[in-house]
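*Asks:* So the chains spell out like this:
Number of protein chains: 2
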Amino acid sequence: MSKKEEVSGYKGQALAVIRKAEAEIGDVLRITKNGQLYEGILIPRSEYGDEKHVVIKLKSGYNVGIRITPDTKIERIGKGVKPTFATSPPPEQNPKLPKVTIISTGGTIASRVDYRTGAVRPALTASDLYSVVPELANIARINAHILFSLFSENITPKHWTEIAKAVSKQISKGIDGIVIAHGTDTMGYTAAALSFALQDLSVPVILVGSQRSADRPSSDAATNLIGAVTTAGKAPFAEVAVAMHETTSDTSIVLHRGTKVRKCHTSRRDTFKSVNISPIARVQNHKITMLTEEYRERDSTRKFTLKPEFDEKVALIKFYPGMNPATIDWYVENKYRGIILEGTGLGHVGSYIFKAIRNAVEHDVVVGMTSQCIWGRIDMNVYDQGRDLLALGVIPLEDMLPETATVKLMWIFGQTRDIEEAKRLLKTNIVGEISPRTLAEE
Amino acid sequence: MSKKEEVSGYKGQALAVIRKAEAEIGDVLRITKNGQLYEGILIPRSEYGDEKHVVIKLKSGYNVGIRITPDTKIERIGKGVKPTFATSPPPEQNPKLPKVTIISTGGTIASRVDYRTGAVRPALTASDLYSVVPELANIARINAHILFSLFSENITPKHWTEIAKAVSKQISKGIDGIVIAHGTDTMGYTAAALSFALQDLSVPVILVGSQRSADRPSSDAATNLIGAVTTAGKAPFAEVAVAMHETTSDTSIVLHRGTKVRKCHTSRRDTFKSVNISPIARVQNHKITMLTEEYRERDSTRKFTLKPEFDEKVALIKFYPGMNPATIDWYVENKYRGIILEGTGLGHVGSYIFKAIRNAVEHDVVVGMTSQCIWGRIDMNVYDQGRDLLALGVIPLEDMLPETATVKLMWIFGQTRDIEEAKRLLKTNIVGEISPRTLAEE
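Those sequence lines, one after another, are chains A and B. All the letters of the first sequence, read from the start, carry residue numbers 0 to 441 under numbering that gives the first Met the number 0. All the letters of the second sequence, read from the start, carry residue numbers 0 to 441 under numbering that gives the first Met the number 0.
Be aware that one or more of the hints could be misleading.
As the list claims (entries may be wrong) - Using 27 angstroms as the maximum straight-line C-alpha spacing, the simulated BS3-like pairs for lysine-lysine come out as follows:
#1 B:Lys32 <-> B:Lys98
#2 B:Lys426 <-> A:Lys32
#3 B:Lys426 <-> B:Lys302
#4 B:Lys51 <-> B:Lys98
#5 A:Lys157 <-> B:Lys422
#6 A:Lys272 <-> A:Lys157
#7 B:Lys302 <-> A:Lys51
#8 A:Lys354 <-> B:Lys51
Calculated from the structure, these hints are not laboratory results.
With the rest of the complex left out, here is chain A (with noise of 0.2 angstroms):
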């Protein structure tokens, strides 16, 4: 083992002191500061760690940076011990059961964090699943397929052509359902772009994630996966959903549909919504309870269609009081093809902007208009303000999510450069992203 690997990108202070406790990375170490006492695992550093801190991973599962001063005292508890998957064999497949593919591109659920190297040691086989939540060989026979092992903030539109099309792969295999294992930071677009990608399915594809790494007590991805695999194997519904907690406790499962879900808190197990709609579905006790009427049904017999594409010219702008409207001149000049704009209230923006938007859409980009409040619906013919902006161009996006709408336009424009078939389509309900009007709403 060289050097560099024994306290992989600590340098400087940091690095003295780890020399100096002779430890290594996996190893345990107990740190005193202030009189102030943790144990937990070293681990590594990134390239932009600094020279100052040494960062444990606690026995609750959360790493924590500590300041190295003079008064600081580290010493090595114990040896760090790779953590692996169980070796069993997968148990024996039951043939009555469905067949699930469990496409895997990274994030928390389903994997171990070896602390050797610091990277997350994603589930690569069935039977690493299989150790992780032996209750799925009850549920459905699996097979399990690395795609990418990536932080879902660093899924791009690219990649996201690349899970549909692993998914239409997998479809044309004839299994019975998709889970797609996801970070949970962007699942939100990447639901929505499957959504888009991936129309007139005949089968479920079940996103899921988990708010807790699985070495942590609190963990919710078992019970996140149980729930997916459930959906995706015997779900009478065939569209793209999450998979994720109705509630705080591990009780229940609900999905959530692609188009119009969201990530409503940065570490609640609940932290998926689905807005303005209920969810699809509900999961508890290994049963699926409907809870719509509106959904496209399970038919292994209908022919999906594939449409993979999205372009990345397309921003999001969230409005604020004292914008510049240069920031939409530049996108202009930088060719963008479109703009969805996170209005306020009922979708508006202030008039100091209002000449931006003008030349844009003189540019023939195409501009929407959302909300930022998130829940409820545009309606741009209340006040004055809003009729100016319809009078200008900018089309109004009902009740869609801005999040949804951005994903919607990119894919919009991987599929045609012709400005009026994509406003066309911007305004069309293509797969439950915009929610009839109810009477209840007003």
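Please arrange chain B on chain A, whose structure you already have, making use of the hints.
*Replies:* Positioned in the frame of chain A, the structure of chain B alone reads:
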């Protein structure tokens, strides 16, 4: 009356059909199109209006634009009446009641639409207000003051300065509380701005708006105004707060702390929510109940501090997959002093924008991180990429709302040009914008 005033704003085809019907602005029209019947008052169009739509205000209070086609029939069925406030003398003022000043900045509350001009006619005097909401005479001695008549999406940091100065002037006169009537769209931003601009308050400063104009049957204007005036007059706390409906029913008003409040629905009357904390108080049957023990007490002897300056060279940037890092470079090139990122989850952005962030920090741009989840708290120590961002110099903004963080950084640069002082202030809880961590969170 000139021709222009008669059918203000209309041109081309739309003007022709209005002329044919011999109609004027304010007249009641019956329009028949495709077998559908619309009745309402003809209202003016703005300079951005097209030539194809006639806009009428329906009985519901909503405006509708009807596109003129060859088969559209327009008939004048009534003459317009100019709406006014009642002209009865103001009621006797009870000297035992607290003195409250209402400063109006515009918006729907306490106003009447003048169909002659299309403009919202604000309640200009105390007696106008009493005519809209007669109960006010039993709650406070009111002095009304018009500062602006603006849709709130047109309010900018410069207006925040004006409002803060106007409030300061009133406080110096020894009144018992201030009510600020404001459009709801950006009321959360203004509430945050006033929280920073008016520190060590001696009396309550209460922002109030309405989601439905007073001439609609479901208006929330009166209930909200009564709640706001009650609070301003006698609440035991001295903070900037927003007074709006607690639920969709008219039974209670809640007071949200100015730095923790957000408009969360485009049309519901209970659109405002306190994020990550409890509201400060509830008003029910004219009685105020405190909902927290953490508040600044009313104290008329306290010397308050006016710091009304804001600097607009601060940007709010919402991250999304595929975001172009060059947009961050643009702000650096244009000498912005601060950027608030609305990242994903616990405070992340794609690693493909790290280089642009590093460049911004190296050019002395203060970069703060908030979460687009809205609820919850930033924690950049959990994952590698969060720690990388911290190492780059990004400042984690705890549970501060992205909107509040943006306003705060504008305010900070209105006070100082010292980068280190700016960073220190951004991280420091000044007026309740950062809640302390609690055990319940994890």
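*Asks:* Determine for every hint whether it applies to the structure shown.
*Replies:* Right, here's what the structure says about each hint:
no., hint, verdict
1, B:Lys32 <-> B:Lys98, "53 angstroms, violated"
2, B:Lys426 <-> A:Lys32, "23 angstroms, holds"
3, B:Lys426 <-> B:Lys302, "25 angstroms, holds"
4, B:Lys51 <-> B:Lys98, "51 angstroms, violated"
5, A:Lys157 <-> B:Lys422, "36 angstroms, violated"
6, A:Lys272 <-> A:Lys157, "26 angstroms, holds"
7, B:Lys302 <-> A:Lys51, "43 angstroms, violated"
8, A:Lys354 <-> B:Lys51, "22 angstroms, holds"
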